[in-house]
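Turn these sequences into a full structure, and let the hints steer you where they fit.
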Amino acid sequence: MIAHVTAAALVSENKTLAHPASVDSLPTSANQEDHVSMATFAARKLCIIAQNVETVVAIELLAAAQGIEFHRPLRTSQPLESLHTQIRNLVPPYNEDRYFAPDIAKIGLLMSTNHCNLDSLDLFPSS
Amino acid sequence: MTLITPGSLTLAEIKTLSDTHVAIQIPENNWARVQAGAETVARIVAKGEPAYGINTGFGKLAKVHIPDDQLAQLQTNLVRSHAVGVGPILDPETTRLIAILKIASLAQGYSGIQSESLRTAIAIHNAGILPCIPSQGSVGASGDLAPLAHYTLALMGEGEVIYKNQVQPAAKALHDAGINPLELHAKEGLAFLNGTQVSTAIALRGLFKTKQVFRAAILAGALSVDAAKGSDAPFDPRIHEVRGHLEQIEVAKMYRDLLSGSEIRASHLENDDRVQDPYSLRCQPQVMGAILQQINAQSNILHTEANGVTDNPLSSPSRAMSSVAATSTPNPSPSPPTALPSHAPKSVALPNAASPSSLTAPSAVSLHFLRRTQASTAAS
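Those protein sequence lines, which keep their order, are chains A and B.
The numbering used here applies: residue 1 is where the first sequence begins, and numbers increase by one.
The numbering used here applies: residue 1001 is where the second sequence begins, and numbers increase by one.
Just so you know, these hints were derived from the structure itself, not from any lab.
Some clues are possibly wrong.
[Said to hold, decoys possible] Derived lysine to aspartate or glutamate pairs resembling EDC-like cross-links, with alpha carbons at most 20 Å apart:
1. B:1229 to A:81
2. A:45 to B:1093
3. A:45 to A:13
This is the structure:
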């Protein structure tokens, strides 16, 4: 029931992580290297932020997939129905409470693996 | 064996070389450039005049002269003393990419290392030996010194590596793979330690992930519009064309394409008393378009950085060793890698709102990465 709280926690983490690494500089080597970029930490934070966003989007996909089902028998567009099918192939609808965390992980994996079926959908044929 | 072109790797090639282990080789003319760079260093050593990092100390000790018979020891000591990284070990994809970027940088011939040393670095990469590089301890200054020291230390047969899925002493892995450890000569430790390959590799991994997540976020956003019975009217092309941002225009089209033909949308075209949807639904093209602009801009920067030479001092084929003040200084090279990535927006000029054809070409180019990239990556 509280996947949105997980999303809120991750979004809040990202707000703190978004503080620019370059705002601070500490001199090293007896002031010979007096201003430094801190680029390495900036890059590491990017990876953490991107991973958090992936999880937030996974939760949104689960919520949206469930939302679409409230409108049945109406169907959404062909590409979004394909997307919905892929989500449901991994995660069944929520008709009663169940262990939720693995579902978030599965959709995250769908998004992040190289075999991600989302990528193989021809969603933007004219672009 | 994939032939890579140091200085002009595409982002798609970089991603493939990072995602998977690909054995590489470099073109013959690069070997000639490396040789020329090594000869420059040899001339400086023969002259005996002070040259930073070749026959001097480092940092605050730059004024201390190092005698000729200790120049190799100086480089070995440099690597050992700078291997002070802490924290979790970088993942295999990032580690592979660090090796590729370092090899591609050294292969351009500005760093003054000997061909044999570059051959060792390539052989170790090709054998699938991954140096254990701690992720913390670099300030990203004139180089990712500590992490690159761990990388270099492994090439020297010290420290630890991952080989055949096992963390093991570098010396054992090199022995098992039949590779002689790197023996550093004058200037070479500095050439390996200096440079932004670690921060660039980590940032590139973040960029690849960001592109993937961006794509999924567009899908999730479109699905959410229908789930919440939102309107597709805010995605009307005219709204975005009069504002003029190419990425926003293209992203709006994605939402239109994704929602086109929806029965759910058709069911509330009339008699829907909601005048407008919340920003989070209706302003998606404006926000996601701005994000796409940022992604494209960062792609350009990282693509250039990945192909650049960022250590110092640098040797130019036509000049003696020239010390470079900062790693951000543009390459003083005759042929700097300035080619823009193929997906770069070619123009920032506002499109003619009345002419859809003027919108198609640049935006299609800018969205190159949204399509599958596997087919266009480096062939092995």
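Quick rundown of the hints versus the structure:
With a C-alpha separation of about 15 Å, the suggested pair residue 1229 of chain B and residue 81 of chain A falls inside the 20 Å cut-off, and the hint holds. The hinted pair formed by residue 45 of chain A and residue 1093 of chain B meets the criterion: a straight-line CA distance of about 17 Å does not exceed 20 Å. Between residue 45 of chain A and residue 13 of chain A the alpha-carbon distance is near 11 Å, which keeps this suggested pair within the 20 Å criterion.
In this structure, every one of the numbered hints holds.
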